[in-house]
Each structure stands twice: as C-alpha cells, then as structure tokens.
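> As you go down the protein sequences, you meet chains E and V in turn. The letter at position 418 of the first sequence is residue 882 when you use this note's numbering, and the numbering goes up by one with no holes. The letter at position 343 of the second sequence is residue 807 when you use this note's numbering, and the numbering goes up by one with no holes.
Please keep in mind that the hints were generated in silico from the structure rather than gathered at the bench. Model, not experiment: these values are computed from the prediction. Don't take every hint at face value.
Remember, identical chains collapse to one label, so a pair may be satisfied in a single copy or spanning two.
As the list claims (entries may be wrong) - No more than 30 Å apart at the CA atoms, straight line, and that leaves these computed lysine-lysine pairs for DSBU-like:
1) K989 / K1009
2) K799 / K651
3) K1009 / K574
4) K818 / K782
5) K782 / K495
6) K782 / K1009
7) K555 / K1009
8) K782 / K651
9) K799 / K574
10) K818 / K989
11) K495 / K651
12) K555 / K495
Protein chains: 2
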Amino acid sequence: MSSERLIYLPLGGAGEIGMNAYVYGWGAPGKERLIVVDMGVTFPDMDTTPGVGLIFPDIAWLEERRDRIEAVFVTHAHEDHVGAVAHYHEKLGAPLVHARAFTANIARGKMADLGGDERAVHTADPWPETIAAGPFTVGFVPISHSIPETSGLVIDTPAGRLVHTGDFKLDPAPVVGEPWDPELWEKIAAPGIKALVCDSTNVFSPHEGRSESSLAPAITRLVQEARGMFVATTFASNIARVKTLAEAGQAAGRSVCLMGRAMRRMIEAGVETGVLRDFPRTIAPEDAAQIPRENLMLIVTGSQGERRAASAQLAQGKYNGIELKAGDTFLFSSKTIPGNERGVIRIMNQFSEKGVDVVDDSSGDYHVSGHANRPDLQTVHRLMGADVVIPMHGEHRHLREHAALAGQGGAQGMLAPNGTMVDLTGDHAQVAEYVETGRTYLDGTVQIGALDGIVRDRIRMALNGHLMINVILDEDDEPLGEPWCDLMGLPETGQSRVPLSEVIEADLDQFMGRAKARVLTDDDKIEEGLRRVARQTAQREIGKKPEVTVVISRLSG
Amino acid sequence: MSSERLIYLPLGGAGEIGMNAYVYGWGAPGKERLIVVDMGVTFPDMDTTPGVGLIFPDIAWLEERRDRIEAVFVTHAHEDHVGAVAHYHEKLGAPLVHARAFTANIARGKMADLGGDERAVHTADPWPETIAAGPFTVGFVPISHSIPETSGLVIDTPAGRLVHTGDFKLDPAPVVGEPWDPELWEKIAAPGIKALVCDSTNVFSPHEGRSESSLAPAITRLVQEARGMFVATTFASNIARVKTLAEAGQAAGRSVCLMGRAMRRMIEAGVETGVLRDFPRTIAPEDAAQIPRENLMLIVTGSQGERRAASAQLAQGKYNGIELKAGDTFLFSSKTIPGNERGVIRIMNQFSEKGVDVVDDSSGDYHVSGHANRPDLQTVHRLMGADVVIPMHGEHRHLREHAALAGQGGAQGMLAPNGTMVDLTGDHAQVAEYVETGRTYLDGTVQIGALDGIVRDRIRMALNGHLMINVILDEDDEPLGEPWCDLMGLPETGQSRVPLSEVIEADLDQFMGRAKARVLTDDDKIEEGLRRVARQTAQREIGKKPEVTVVISRLSG
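Excised from the complex, chain E in its bound form (with noise of 0.2 Å):
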C-alpha cells in the first residue's frame, strides 16, 4: 500500500472564481512532498460577510503538513493567485516562493507590507529553465492573460508531465508581455502529458476569444472624438489596456493622468521589472487640475464600483481637484463582475446627475476578456493531448460544463472541487480522498473562520436589529430597580405608540416581579427568560424578533 503515488488537491478555486490554492504531491501516501500553485483571496460582500476585508483559503490541512512543502510557486500577479502569500508564508512554514519578475515584484511589496522577508521571493526564468522543488522539476512558460508575464506551470513528476494552465487567454498580440505561442506549447505537450489542470472561466462563452490588441482602433476613436475631459477605468492590473488607453489619449493631444494607487503601483512594476517599455509620459495626479479639461486623459482605477476607488471619488464630487460635469466622457473599458452590478450602476446613475457621458462595454468595442473561451479550450486540450483534464478556475456550474468538454473530446474529464484530492498515478485519475476545506476571514487585523459564528452575528444584528438588556440584583438575589432596555438598529416606537424600550421594559419588569427564586439565582434561567419576553413582546410591537443580549450585574454577595 506505500507504494508513492500523484496527487492533486485544490484547497480553493475550484468550485469559485477567486481565492486559487492548488496542491501537488509525490511520495508515500501520508508522506508526500508537496508543492503549491498560487495562493490567492477573494472579496467579501455585504450578503455573506459585511466588515470583512479578504477572504483566504482555509489552509489548515496544508499547515498540518507544512514540513512537507517545498516551495509555492505563482502563475501570475492576480490578488486570487498572490493575494494571500504573504498573510500565509509563515504559517506555511516560510517556504520559497517562486514567481516570474513582474509577479515577484508585486509579491515582494506585499510581503514588505506584512513585515514578512521580501527574500523568500525568487525571481524565476522562464521555460526553459526550471526550477527543481524536491520531486517536482517546475518550469514557468510564458502564456498570455490580461496582466504580465502570466505563466503556465510545466511540472515534472516522477510519474510524469503535468501542465497546470494558470489563468490563459490565446492572444497572439497582448500589447504588453509575450504572445500566445502555439508551438513552444506543442513542444511541451510532445513527451506526453499525463494532466492537464486547466482554467475554466469561460466556458460558457460560445465565441472565439478577442485578443487584446483588437480594441486600440475603437478606443483611439472613442477618445479622439470626446470634447470634455475623457475619463476611463479598467481593471488596475491590465497593463496592457492601461496602455491602450493611455496611448489614445497620447493620440488626441491630452495629458494622460494615473489616478489610484493600485493603478500606479502595477505601473510602476511593469517599468521597474522591464516589461512595460515605451508607457506614454504621465503627469502627476495633484497637476491634473491645471490642464484645460479638453486637453486631459484620466486612466482611473475602480471599474468595479468600488466605494472608495478613483471612479466612485469622481462620481461623487471633487477628487485631486478635479470634478466631472457635463461634455466628459467616462469609458468603463471593462466587465462587471457578476455580484458588483450595484455599484457599478450606481456610479453610471451619479455620472448621468452630472451630464456626464457614460461609454459601457455593451457594445464589446472597449474591453476583451482575459480568459479562454469554449473554442479556445477545445483547441488547448487538442493541443496538449492529456490523458485527464481536470478544470479548475470556476464555480462548480464551469467545472462540470469543462469536464463534459472535455469528456467530448476524448479525455477523461475530471470533476475535482475543493477538497477532491485526485489520485493521478495510474492510468485513470481517481479520487483518493476528500479533504475538509473552507475559509478564513481577515478581519480588521485578525484571521477568524468562517464557521466561527462572529460574521453570522453581525449578519444577524444588520437583519434584526440589537437589544440589550441590563438587570442588576442585590446581595440577596432580589432584582435592584427595573430591568433596564437598549435598542439599536430598532424602530423607536411600534403598535403601541409608546417607546419600544418602555413597552419591553415593563413586560421584563413584570417578568422579574413574578420569578421565583430558583430562577432569581441562577443567570442562565434570568437571561433565557428575559429574552423570551423581550423578543415576543418586540414581535407584537415591532413584527421583528432582535438578537438580544442580557447583562445580569449581581452586586457582590
């Protein structure tokens, strides 16, 4: 039974788009060496997890066995492949981390950020170098996405070739960073790949991919024939679009203008890092409100709608001084992420207050996906001739359509979500086992679970509203004055006219007066019954049951 075997274990990615942790192993069953690709986040919302700042993997099975890692290494400088890297490089017991130049910029700041040891983060060759990390030789070949030096992982194994995708586009010309090249790809299929893991994001996109560079004619016009100030958001990290954009304003005769910081730091790595060359000449942010409005390019960051973004500032008022009116032009060259629909309207809607002209990607002029679409995906399985695909990159719905597609064309298709640890030593992958796998919230500063109940109860206030009940009771076990009532997130008054907290108050009072003294010594039986009163009475009153907390002070006895 311990013969070594092949395995693959996604701790997060597979089963949703964000938060990418997958796992490679080979040994002894047990006592496998381990590699890990990518360890990314993934953003709260206001339904399931409001006050939160990042969503991490749970990673408690990895840390269990964080003897046993070699190195992690990162496709690409997304915040759901590098964003949580740094909050886990110690608990994964500080392993090196391996990423291309411009990746290993971006990871270096985040670990600066954190405190952490910028050196744990080695700057990698591409194909044909690799990397040797215990059983495993990786290589990182260059692959295109919609930001710089995006690799796929060649990784040898003693049972043979497998290929982990990354996230991919086939785009022949991205504008910045290497091209999609078919044949280096059919190079390293030649050996014979045992698995390909592979993006799944757009599945469901019937159509040949676009390549990035197909959309310079369309915004280079959209800009040349603006009158007003011209303002576009994308996505902080296409550098190739930033550049797209910022060359169309170049074009026009305007002054082109970086607002945001997450815009300006992704900017900075692609010139520090050599891969952004010939980035048209900016001016800084606090200038901007010098130029005449009709001579001004703003590339601005929060094309998501985020609240405190450079897109929702200048929806808002003014920003570095600069304030929108009627006659400008703002271009979203990108897609909404389906769930920030809200926020993104919401600022088209402030826009239009303005009189400003709001340019969408309805039209598909202004933005292109940076994802494989169906097509592309048959030809990438074709291309590489895997025994097993196994998608990952995608809620479950993309999984099981990618693993049918694949199935169509003559691989097994390998369903595998979080946790499915895959047996791939043999012909046929199977599963070997399932793996408890999860969340962890960042929360304020501190790493709570998702299953500790602290955002369940948070949840639960926002829904119900919050009363607070104090009762004092003297040495004697006697109730001292009457129970006194709290309320926040509750109406004032409800059916009865009269305060809420009075009506509430009074019931408790009455409660008080009645109990006897078993209950009258014994706080658990106080608090439960207390609450029990309070929440009927608020039903009659308000039609709302509140979360209730009981504070029972005994004066010392």
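Knowing the structure of chain E, use the given hints to seat chain V on it.
This is chain V only, laid out in the frame that chain E set:
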C-alpha cells in the same frame, strides 16, 4: 399668478426602476386637484437596507394634500406599481382605486391581507370607457407588457390630452391578453397629445423587441428533448410565459405542477377574471412526488434567486417531497435583474452539484423582455407625436438617454427625476418646483424613514460589530466593581492573545480609576470616555473600531 395650471410630479420611479408613484394635478397653484398613477414598492438589499421588508416611496407631499386627491389609477399588477396601494390607502385619505379586472383582483387581495376595505378598489372597463376624476377624464387603454391587462392611461385635462404609457412593449401576439394595437393608439393620438410620459427601461437595448409568442417553439423543443424531470422558473406574474411553459409540458406528455404561492395566486387571478383561458390542467404540489420524474414538469417561483422561493428550496434539497438529481433539467425562462446575480448563480451552482443541467437565457431563446426597446420607443414617439416626452420608469441614465432620444425625434425631451414638478400648461413644459422625495421602509410591521438612522445603525453593526459596556456607580458616584464588556460580532481574541473583552475591560477600569469627580458625576462624560478608550483598544487589538453602547447604572442616590 393664480391662473390654473397642469402639473406632473413623479414621487417614485423616475430615477430608479421600482416604487412607481406619479401625480398629475390641475388647478390654481397650491390648490390643484390631484390624481395618483400607480403606488408601488421596491425591494431591499443587504448592502443598503438589511432587514427591511419593503421599500415605499415617501409620500409626505401627497399626505399633506390628501383632501385634494380625486382617485388612484393603477396601470398593472406588478409589485412596483401596485405593491404600496394597500399600505398607503389610509394615508392617502382612502381614495377610490381604479384598475382593470385582473389588476383590481390583485389589489383587492392586498387590501384584504392588510385588513383594508376591498370595496375601495373599483374595476375599470377599458377604453373607450373613461372615468371622471375631478378635472380629469381617464381611460385605460390596453397595451402589451409581461402581465395581463396592462394599460396605458389617456388623461384628458382642461389643458389638453396626456398619455401615460405605464410599462409596455409592442407585442402583436402576447399569448395572453391584448396585443399592441397601433391603430387604436393612432386614434388616441389624433386630437394631439400634449405630453407623453413614457417607460424608459430598455432605452439602451438597440434592437426591436421580440414577441412573447416567439418563445414557444424553442421552449417546446427543450421540454420535448429532456429526459428526467423538467423544472422551469419565470416571473410568477408573467402568466403568458407560465402558459407557454405549461403547454410545452402538456405537449411532451408531462403532468404540470405549479409551485410557489405567488405563481398560484397569479394564475388564480387570471382564471377568476377570465383573462386566462385554456390553461393546461395542473396537479397539486402534494401529488407531484408520485409522478415518475420523466413525466413531470414543475413551473416554480424564484427566478431571481430569492432565498425562500421554490427554486432555492429545490436547489438546497427536498421541496414538496421532490429532490432534483442528475439527468433533470432546470430552465431559467427569465433574465436576472441587476443586483440579483449572486443569488441566481448560487442556485445554478447548487443544481450543478446535484448534476442537474441548468439552462439559462444566455442563448436568448427562452426569455423576452416586457419593455419597449430603443427602436420601439422611437415608433411610439412618432405615433403619438406629443409636444413633450417625459421619460419615466428608469434610472437616471435611462431617463437622460430617453430624453435625448425624444429630442432627436423632434419633441421636447424633458428630464424629470423624482421630485421634479413639471408645469405642462403652456406650449413649453417647464420645471415648476422641486419637491422633497425619498423612501420609507416597512421594517417588520413598522414604517420607518430611510433617514431615521435605524438601518444605518444596523449596517454599522454588520460592518464593525457591537461592543456593550456596563458600569455601575454607587450612591457616592464611585464605580462599583469594574466595567463589564460584552461583544457581538467581534473576534474573541486579538493581538495580545488574551480575550478581547478582558483587554478592553482592563483599559476601561483604568479610565474609571483615574476619572475625577467631575467626570464620574456626568453620564455623558463617562460614556464619551469609555467609548473612546474601548474603540482605541479594539483598534490596537483587532484593527477595527466597533459600534459601542455604554450603559451606566447608578444605584439610587
């Protein structure tokens, strides 16, 4: 100055899609006799209105003038047009509510639910019948939409004829109810139209709208080809769609079952009012589980991912004894309203986990909109030839775009968001004044103002957690024991790895110990001090500043 005038005033629905409420008036300024068109609701969301049940327009302006209200006219039975009629009926002075039979049936049900007087709802016959209401004569003119007996209103006034389209599309074959009848509308336009108050929802949709009847072939084919159980969801009020789906089920030899209270209520109203004929025979939900799955078709509520609706229940597990599994098909014969994406996607993934094939509207084959698209709006502008076009039923960006479109057609396009009172008396429409508008929440059974701070407090607790502090002072204003802390929605431990409440209590105790008599005799000063200390300590420990409630108990002095 006191010559009579004709006014239009939107109190809701112009600047949002939802809670429609429009007012028309004629008379001397400040003495106009008024009619109200529609009185709808909008739905809450976790981002801005957690825990709220329904959102109503703020009708303070109308309430103050209730003695001048002649009547209410309801164009159709969608919640955003009829949902607040019963809640507001008394506040409006209990006016007559006019609606066509189907809409009246729904409105009476709502009155009954709230214990109101059903007899206040009057069933109106369609045009050429009219209703006199003070200086106005109002006719209900059939128009196609996505619910039966939708009507545009012809409002004859001493200053000329107005047309209020209500929600509409140009459908020559709407499956249920009256088709779009251009000749009828041409006759109505013949005397000349002073102002066209017009639906703006789909002004950004560039192609002509499609007929409801165009869907039957594709839906019929899909049901025909399904192997396991077939489940479809759509908007409960779209009776035509429900009929198309039911007929497809019948044609495939399946027993048809409607699930979800709202859907059964709508079909019932359709049958009761004679609007719906020849609806296929259905089986009761409690009998569905006995039918072999390949012979069963469910039509269910919950197309928007609503947590308690039938779709969500089926996605989670058993519902009415039925559980979906691999081989079954689930059809969304609906579009996802912006903001509902997360809920809908959650359901899709839950079905995917069960192996159910989910079909959505991405192909365009299984849903058509109920609103007029851009070229349809142009058709109506031309046909009506109104002097003024006032866009309504849209967000600000829709109204603005629609006004511009009307201007291109030669009319005066008038941008009039909520609160803009327009004077229509003269040749040129102009703004008469701005009226304060807003929202009112139904929270439990209580109506609260959007600006009361109640919901704001709930949002703050959801984001920041809630910390409760208790101190007791004795007769001499000296602290009795130490301050006491309770946490809700906050991590139990922070940076120093001891319970957060203990760390805070220690700092609070120190504050109390140092406080001078002039602080200890002043509840406000104690509260301010404790709050400040607690928030500082929390910020240091957990990186968050919670909401704080301080309760000070003084033993009777």
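> Hint by hint, say whether it matches the structure.
Going down the list of hints, with the structure as the test:
1. K989 / K1009: Answer is within: at 19 Å inside a copy they meet the 30 Å cutoff, but 33 Å across does not.
2. K799 / K651: For K799 and K651, the Cα distance exceeds 30 Å both inside one copy (35 Å) and across copies (45 Å).
3. K1009 / K574: between (44 Å within a copy, 24 Å between copies)
4. K818 / K782: Close inside one copy (12 Å), not across copies (50 Å); limit 30 Å.
5. K782 / K495: Neither. Shortest intra-copy (59 Å) and inter-copy (41 Å) distances fail the 30 Å Cα cut-off.
6. K782 / K1009: Result: close only across copies, 28 Å inter versus 43 Å intra.
7. K555 / K1009: between (42 Å within a copy, 27 Å between copies)
8. K782 / K651: Close neither inside one copy (54 Å) nor across copies (51 Å); limit 30 Å.
9. K799 / K574: within (26 Å within a copy, 40 Å between copies)
10. K818 / K989: Classified as neither; 59 Å inside a copy, 44 Å across copies.
11. K495 / K651: Answer is neither; intra-copy 33 Å and inter-copy 85 Å both fail.
12. K555 / K495: Result: close within a single copy only, 19 Å intra versus 74 Å inter.
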